[in-house]
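Protein chains: 2
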Amino acid sequence: MDETLLDNIAFNADGLVPVIAQQHDTSEVLMMAWMNRDAVMETLDTGRLCYYSRSRARPWRKGESSGQVQSLIELRLDCDGDTLLALVDQTGVACHTGRRSCFFTALGAAGAREIAPVLVSPDTLYDRSD
Amino acid sequence: MDETLLDNIAFNADGLVPVIAQQHDTSEVLMMAWMNRDAVMETLDTGRLCYYSRSRARPWRKGESSGQVQSLIELRLDCDGDTLLALVDQTGVACHTGRRSCFFTALGAAGAREIAPVLVSPDTLYDRSD
Numbered sequence: 018m019d020e021t022l023l024d025n026i027a028f029n030a031d032g033l034v035p036v037i038a039q040q041h042d043t044s045e046v047l048m049m050a051w052m053n054r055d056a057v058m059e060t061l062d063t064g065r066l067c068y069y070s071r072s073r074a075r076p077w078r079k080g081e082s083s084g085q086v087q088s089l090i091e092l093r094l095d096c097d098g099d100t101l102l103a104l105v106d107q108t109g110v111a112c113h114t115g116r117r118s119c120f121f122t123a124l125g126a127a128g129a130r131e132i133a134p135v136l137v138s139p140d141t142l143y144d145r146s147d
Numbered sequence: 018m019d020e021t022l023l024d025n026i027a028f029n030a031d032g033l034v035p036v037i038a039q040q041h042d043t044s045e046v047l048m049m050a051w052m053n054r055d056a057v058m059e060t061l062d063t064g065r066l067c068y069y070s071r072s073r074a075r076p077w078r079k080g081e082s083s084g085q086v087q088s089l090i091e092l093r094l095d096c097d098g099d100t101l102l103a104l105v106d107q108t109g110v111a112c113h114t115g116r117r118s119c120f121f122t123a124l125g126a127a128g129a130r131e132i133a134p135v136l137v138s139p140d141t142l143y144d145r146s147d
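Quick mapping for you: the protein sequence lines, in order, are chains E and F. When the letters of the first sequence are read in order and numbered with my numbering, they come out as residues 18 to 147. When the letters of the second sequence are read in order and numbered with my numbering, they come out as residues 18 to 147.
None of these hints come from the bench; they were simulated from the model. In this text the structure is predicted, and so the values were computed from the model without any measurement. One or more of the hints may lead you astray.
[Said to hold, decoys possible] Pair ranges (Cβ atoms, derived):
#  : chain 1 : residue 1 : chain 2 : residue 2 : range
1  : E       : G84       : F       : H113      : 36 to 42 Å
2  : F       : E81       : E       : D99       : 20 to 26 Å
3  : F       : T63       : E       : S70       : 34 to 40 Å
4  : F       : G64       : E       : G84       : 39 to 45 Å
5  : E       : H41       : F       : T108      : 25 to 31 Å
6  : E       : D55       : F       : I132      : 23 to 29 Å
7  : F       : T108      : E       : E81       : 38 to 44 Å
8  : E       : A27       : F       : D99       : 16 to 22 Å
9  : F       : S70       : E       : D55       : 28 to 34 Å
10 : F       : G98       : E       : L136      : 18 to 24 Å
[Said to hold, decoys possible] Facing chain E, from chain F, some residues (calculated, C-beta under 7 Å):
#  : residue
11 : S44
12 : L94
13 : L102
14 : C112
15 : T114
The beta carbon of each residue, even a glycine, is placed where N, CA and C say it ideally should be.
With the hints as extra help, turn the sequences into a complete structure.
If you want it as structure tokens, here you go:
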């Protein structure tokens, strides 16, 4: 991987760029998270999505605890260079609540309404001894 | 619209939340932009996407210059409450470059590569006297 490729990306003042993860074949938007320069490089090098956890201030290899990994199909950059779109192949569920997508709440005149079922119990997702 | 609905949204330190715009029927991810509280409220009230322009520090009613408006189909919130997904019906093109989506550059071993055509000349988009 030629590291100059990353010079196309306009990281913010914290050195981060938002990344939208979209399932490559169904086009479902799964989640949004952040990457720093090292995480983008690792993702391109390994073909596995690696984000940067702002709360834990460290690399976050998607699925490292839950086993719900994301394989990279294609990484795309927007016209301003400040947002990435990752086409991925998601194993299982993307959301820590056990739903396929993190975007399971609709906001509207009827209030906030859940529109997607829990597919895997969060207890199962995070009760792993390996 | 009950304004308490917006209390579900975790705006960042600048009072903003990132918004992913996705075409409702094709599921194409069109763009990512930001909203403040007033922009979310206006979007829900009017059914037209209103963002907050960070560079111009003012509301940005999508299509106000270009005519390429976005109608809201559904607004969704993610599990952490800090990202919105807007399902929209996009008139024409979402990108100021005249492409349907802003995510027209693929990053990979072959470098940065354009993967989507210009559908409308930017001169046409922004040469409007009305």
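Outcome of the hint check:
For E/G84 and F/H113, the hinted distance range of 36 to 42 Å is satisfied, since their beta carbons lie about 41 Å from each other. At about 21 Å, the CB distance of F/E81 to E/D99 agrees with the hint of 20 to 26 Å. The supplied range of 34 to 40 Å is met by F/T63 and E/S70, whose beta-carbon atoms lie about 36 Å from each other. For F/G64 and E/G84, the Cβ-Cβ distance of about 41 Å falls inside the hinted range of 39 to 45 Å, so the restraint holds.
Take E/H41 and F/T108: their Cβ atoms lie about 27 Å apart, and the range 25 to 31 Å holds. For the hinted restraint 23 to 29 Å between E/D55 and F/I132, the CB-CB distance of approximately 25 Å keeps it satisfied. The given range of 38 to 44 Å is respected by F/T108 and E/E81, whose C-beta atoms sit roughly 42 Å from each other. At roughly 21 Å, the beta-carbon separation of E/A27 and F/D99 lies within the given 16 to 22 Å, and the hint holds.
Between F/S70 and E/D55 the beta carbons are some 31 Å apart, a value that agrees with the proposed interval 28 to 34 Å. About 21 Å separates the C-beta atoms of F/G98 and E/L136, a value consistent with the hinted range of 18 to 24 Å. For the restraint placing F/S44 at the interface with chain E, the shortest Cβ-Cβ distance is roughly 3 Å, inside the 7 Å limit, so the hint holds. Because the beta carbon of F/L94 sits about 5 Å from the nearest beta carbon in chain E, less than 7 Å, this interface hint is met.
Contact between F/L102 and chain E, as hinted, is supported at the beta carbon level, the nearest pair being about 4 Å apart and thus within 7 Å. With its C-beta approaching chain E no nearer than about 5 Å, F/C112 sits inside the 7 Å limit, and its interface hint holds. About 5 Å separates the beta-carbon of F/T114 from the nearest beta-carbon of chain E, less than 7 Å, and the hint is met.
Of the numbered hints given earlier, the model fails none.
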